[in-house]
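Protein chains in written order, with full-length UniProt numbering: chain A, 1 to 243; chain B, 1 to 402.
None of these hints come from the bench; they were simulated from the model. None of these values were measured; they are calculated from a predicted model. Among the clues, some could well be false.
[Stated by the list, open to error] Distance ranges between label pairs, derived from CB positions:
hint, chain 1, residue 1, chain 2, residue 2, range
1, A, Thr145, B, Ala29, 51 to 61 Å
2, B, Ile277, A, Gln209, 48 to 58 Å
3, A, Asp103, B, Thr170, 41 to 51 Å
4, A, Asp45, B, Ile277, 44 to 54 Å
Just so you know, even glycine gets a beta-carbon here, dropped at the ideal spot from N, CA and C.
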Amino acid sequence: MTQLALVIDLNVCVGCSACVTSCKEWNTSSEGGGGMVDKNPYGKDPTGTFFNRVQTFEVGEYPNVETVHFPKSCLHCEDPPCVPVCPTGASYKRKEDGIVLVDYDKCIGCKYCSWACPYGAREIDEKQKVMKKCTLCVDRIYDTTLPEARRKPACVLACPTSARLFGDVHDPMSEVSVAINERGGYQLMPEWGTRPSNHYLPRRKMKAQVTEESLNRIDNPLKKEEQRAPVSSDLPSLDDFLF
Amino acid sequence: MASQAIIFRETKDSKGFYILLAVLGAFLALGALAFFHAEHHGHHVTGMNNQVVWGLPHVFAIGLIVAASGALNVGSIGTVFGKKIYQPMGRLSALLAISLLVGGLIVLVLDLGHPDRLIIAMTTYNFKSIFAWNIILYNGFLALSAVYIWTMMDRKVKKFYKLAGVAAFTWRLILTTGTGSIFGFLVARDFYNSAVMAPLFIVMSFAMGLAVFILVLHFAYSWTGRTLGDVVMNRLRYLLAVFIGGVLLLEGARHFTGLYIAQKAGVENFILFEGGIYTQLFWIGQILLGSLLPLSLIFCRKLANNRVALLLAALFTIVGGFAQLYVILIGGQAYPLVLFPGAEVSSDYFDGAINAYAPSIWELMLGLGGVALALVMVTIGVKVLRFLPDSLSDAVADPHSK
């Protein structure tokens with residue numbers, strides 16, 4: 001069975017929020033996207049609906065601190081706790097590709113699914129008054145009018161550092177499965193037993209070895225010029241021979 | 001001494017009846033205004049947000065629903081357990097149960113994102129959802145309570161009185177189990193996910209329902225000039241004390257268990273010691289004002305047979321019940337989700353931060369509208385049908401009292 005998912009490389013995510021804005025742009029303006037409301041977007045306490053947010057954490061204590069940008073959206077769990085709690089079945093998981101979706105026409109806006117999600121991935125659209133979440137851009141990944149390379153979630157296409165990979169995590173040969181296997185991809189809070197499909201690739205400590213030699217090249221041509229014989233106005237120069 | 005016959009009679013037409021309806025009508029109008037305001041402008045006009053998704057309307061709704069199932073208890077004690085002194089109050093008990101449930105449901109439904117899609121909720125069931133089960137349980141409770149009233153009022157179906165009473169009592173236990181399980185089944189939040197939520201809600205319903213019943217019974221009798229003796233009220237007085245004790249026992253068990261479990265220790269510490277308004281509501285609202293004060297008012301020897309003390313005890317029990325629900329509902333949501341267990345986190349999006357919630361005036365208006373609807377139903381109910389015994393004097397209620 002196919003299970004589409006995102007794999008996010010925390011090692012190269014720079015927290016630029018291009019994935020956030022591209023998500024908002026696509027899911028607000030695309031046909032059938034339905035919009036994501038923003039109330040007071042520029043105020044002191046902005047409110048609005050997002051399918052994807054980049055949460056920035058400071059890790060460690062001074063002076064050993066580092067910044068981790070942590071993009072988080074619906075994790076499309078294989079055993080999603082938000083689905084069984086929905087009284088009308090508006091929240092459902094697709095058999096064909098494992099995407100967890102909300103049927104906006106069946107959602108009564110009781111917000112009980114928001115209680116059930118341990119990842120806080122669901123958000124109420126305060127204008128349309130239905131619960132919303134990441135759809136993995138289901139309306140574009142199957143859009144045959146798009147070139148095949150563009151049939152990916154908007155956030156994946158927008159990421160400038162290619163920190164977001166998209167594919168079938170059940171296919172062991174897929175790009176995402178290989179990345180998970182080779183680079184220690186992990187799930188968020190696996191202890192809940194929800195089996196999130198989205199995975200994160202961990203940050204890797206990169207220690208650069210900087211030596212004196214690498215900073216001062218032995219064969220630096222500029223230095224050779226400095227070492228040339230002192231120039232005297234009494235001696236003939238090249239111009240004397242040429243002219 | 002032979003017992004006097006219990007005569008049920010409608011309340012008389014009076015100026016007070018219309019004044020009461022006018023006052024309650026004003027609150028109903030405010031509730032309607034709040035609903036249309038949120039419906040027109042969207043839910044951002046409320047204090048609820050993506051972190052605290054259920055707010056004050058849900059406190060009112062669940063409070064009324066819980067009190068509804070508890071209000072039926074007075075009738076059930078008479079019917080199911082054969083306590084004769086309670087039997088004359090069975091009709092009012094069932095009427096109050098229906099009214100409170102309708103009042104609670106109206107708040108719950110009007111606060112939904114799409115109350116217009118209620119028909120979907122009624123016809124498209126996901127039977128894995130406790131919420132869907134609750135829809136069935138609420139409707140069943142209304143139907144069974146109505147049948148129960150019917151068997152009490154119509155001699156032709158009197159033979160089904162016991163059966164209807166047992167069915168309604170059983171159903172109400174299941175109903176409150178369902179209401180408590182809305183929270184008990186929530187594995188994602190540390191403050192909930194516990195089987196004790198179901199029995200806790202049941203005993204909460206006993207206390208809140210009885211407290212509401214005591215107040216309604218007293219004012220229904222005093223405002224219509226009927227006699228209500230101390231025998232009946234003292235029975236209810238000590239029963240209320242037992243129920244308050246039951247709430248304290250299960251609430252204590254819940255918190256001690258939470259403190260014992262490392263995973264829940266954080267949220268327990270928050271609620272019990274560091275939660276600001278939630279800690280104050282717990283200790284001052286629920287424990288001090290909502291439990292210890294009513295118990296003191298009930299058991300103080302100098303206040304024996306003191307009606308005002310009993311009414312205050314009932315009032316503070318309701319205050320404590322709402323404080324408890326506020327702490328359970330909002331306090332549990334205010335505590336942040338734990339994405340990285342064992343780590344102290346803070347981010348630019350609510351991680352590690354206490355989620356803010358300030359109820360808006362619209363939410364309060366909607367909630368009070370639900371309370372008003374329940375009281376309007378009771379007021380009209382006792383006016384048009386024979387719900388109230390003509391007298392509940394000591395001689396009528398208990399011939400052996402003297």
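Here's how the hints hold up against the structure:
{"no.": "1", "hint": "A/Thr145 - B/Ala29: 51 to 61 Å", "in the structure": "53 Å, holds"}
{"no.": "2", "hint": "B/Ile277 - A/Gln209: 48 to 58 Å", "in the structure": "55 Å, holds"}
{"no.": "3", "hint": "A/Asp103 - B/Thr170: 41 to 51 Å", "in the structure": "35 Å, violated"}
{"no.": "4", "hint": "A/Asp45 - B/Ile277: 44 to 54 Å", "in the structure": "18 Å, violated"}
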